[in-house]
Amino acid sequence: MSKQCLCKPARVLIVPCGGASNCGQGTSEAAVQLTREGVGEIFCLAGLAAHIPQMVETARQAERVCVVDGCSLQCARKTVEHAGIAVTDHLDLSREDLPKSRDFDRVQQNVLFMVKLIKQMLKQAPKGVDG
Amino acid sequence: MADCCNKPQGAKADCACSGDNVLIFACSGGSNVGQLTNEAAKKLDQEGLGKFFCLAGIGGDIETMKVNAAGADRIIALDGCGVACAKMTLERAGLPISCYLVVTDEGVEKGHHFEMSCDEIDGICGRVRELLA
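These protein sequences, in sequence, are chains A and B.
The first sequence stops at residue 131 when you use my numbering, and every number in between is there.
The second sequence stops at residue 133 when you use my numbering, and every number in between is there.
Treat each hint with caution, since some may be false.
Claimed, not checked - Here are a few chain A residues that sit away from chain B, every Cβ distance over 10 Å (derived from the structure):
#, residue
1, Ile85
2, Lys116
3, Met121
4, Gly128
Said to hold, decoys possible - Here chain B is said to cover these stretches of chain A; the calculated rule only asks that three of the stretch's residues, wherever they fall, bring their Cβ under 8 Å from a Cβ of chain B:
#, region
5, 25-35
6, 38-44
7, 47-56
8, 75-82
As the list claims (entries may be wrong) - FRET-style restraints, in silico, Cβ to Cβ:
#, chain 1, residue 1, chain 2, residue 2, range
9, A, Arg11, B, Arg129, 39 to 45 Å
10, A, Arg11, B, Ala133, 43 to 49 Å
11, B, Asn21, A, Lys100, 18 to 24 Å
12, A, Lys116, B, Asp61, 29 to 35 Å
13, B, Gly82, A, Gln61, 19 to 25 Å
Hints in this document: simulated from the structure, not taken from any laboratory.
A quick note: this is a predicted structure, and the numbers were derived from the prediction, not measured.
For each residue, glycine too, the CB sits at the ideal point set by N, CA and C.
Make a model of the complete structure from these sequences and hints.
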C-alpha cells in the first residue's frame with residue numbers, strides 16, 4: 001500500500017473542489033490541465049479535509065493557494081481555511097453564469113473557460129477570497 | 001482522463017437497491033490513482049449504483065451536506081492511496097463507511113501523472129460491486 005503522498009511543495013497550488021456536478025468536475029479537469037501546462041500543481045483537497053499534517057505543511061509552503069469552487073457553497077475554500085491555510089486566489093464558478101447540473105458528460109466544454117479564468121487570475125497579484 | 005469507457009446503457013436504474021441512499025465519495029486527488037477514484041465514482045453514479053457526493057462538502061464542514069450524508073443507508077469511500085484522505089475526512093465528520101477501497105491495493109501503481117486506462121476504471125468499479133455484494 002502506498003502511504004507516500006506525492007504532493008510536493010510548489011510555488012502555486014491549484015486546489016479544485018472536484019465536486020459531483022459538471023462544474024465541480026470541471027474544476028478538477030482544469031487543475032489537471034494547468035498542472036500539465038506547468039502553471040501550477042494540483043493539490044489534494046482531501047488531504048487538507050483530512051488534516052493530514054504533512055499535506056497541511058506542504059500547502060502552507062506555497063506562495064499562492066488558488067482555490068477553485070464549482071458552486072456557491074464554496075466547499076473547497078472552506079476546507080482549505082478549516083485546515084488553517086490562507087487562500088490567496090479564489091474562483092467561485094457560480095459567479096460565472098455556468099449552468100450547474102449532474103451531467104458528467106458535459107464537463108469538457110467549460111474546462112477551457114475555467115483554465116483561461118485561472119490563468120488570468122494568476123497573472124495578477126493575489127486578491128484573496130473576495131477578489 | 002479516459003474518455004473511451006463504455007457508457008452505461010439506459011442511464012440510471014430505478015431499482016430500489018440503488019440510488020440516492022447509497023453515497024459514493026472519492027478522494028479525487030492529484031495523482032493518477034486519485035483521479036481514478038473520481039472517474040470510478042462518476043461511472044458508478046451513471047450506472048445507478050449510488051450518488052456521487054462532494055467530499056469537499058464534508059471537508060468544508062457544510063452542515064446541510066453533513067446532515068444529508070448522515071442520512072445515507074450506505075457510504076462507499078474510494079481512496080487513491082494509503083494516505084486515506086477520503087476515509088479520514090469521513091471519519092472526522094463521524095460518517096460511517098460501509099464499503100472502502102484503496103486503488104493502490106488493487107494493483108495500480110501511484111504516479112504523479114493523470115493517465116489511466118478504461119480497464120483500470122472498470123476494474124475499480126467491479127471491485128466496488130464485489131465488496132458491496
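Consistency of the hints with the structure:
A/Ile85, annotated as away from the interface, keeps every beta carbon of chain B farther than 10 Å; the closest lies near 12 Å. A cut-off of 10 Å between C-beta atoms confirms that A/Lys116 is not in contact with chain B; the least separation is 19 Å. Every Cβ of chain B is farther than 10 Å from the Cβ of A/Met121; the closest lies at roughly 19 Å, confirming the non-interface assignment. For A/Gly128, the shortest C-beta to C-beta distance to chain B comes to about 18 Å, beyond the 10 Å cut-off, and the non-interface label holds.
Given a C-beta distance limit of less than 8 Å, the hint that chain B covers the region 25-35 of chain A holds, as 6 residues qualify and 3 suffice. Given a C-beta distance limit of less than 8 Å, the hint that chain B covers the region 38-44 of chain A holds, as 4 residues qualify and 3 suffice. Residues of the region 47-56 of chain A with a Cβ under 8 Å from some Cβ of chain B number 7, which satisfies the need for three, so the listed coverage holds. Counting residues of the region 75-82 of chain A whose CB lies closer than 8 Å to any CB of chain B gives 6, so the stated coverage by that chain holds, three being the minimum.
Range check, A/Arg11 to B/Arg129: Cβ separation about 42 Å, and the 39 to 45 Å hint holds. Against the hinted window of 43 to 49 Å, the Cβ-Cβ separation of A/Arg11 and B/Ala133 comes to about 47 Å, which satisfies the hint. Checked against the given bound of 18 to 24 Å, the beta carbons of B/Asn21 and A/Lys100, roughly 23 Å apart, stay inside it. For the pair A/Lys116 and B/Asp61, the beta carbons lie near 31 Å from each other, so the given range of 29 to 35 Å is met.
About 23 Å separates the C-beta atoms of B/Gly82 and A/Gln61, a value consistent with the hinted range of 19 to 25 Å.
Taken one by one, the earlier hints all hold for this structure without exception.
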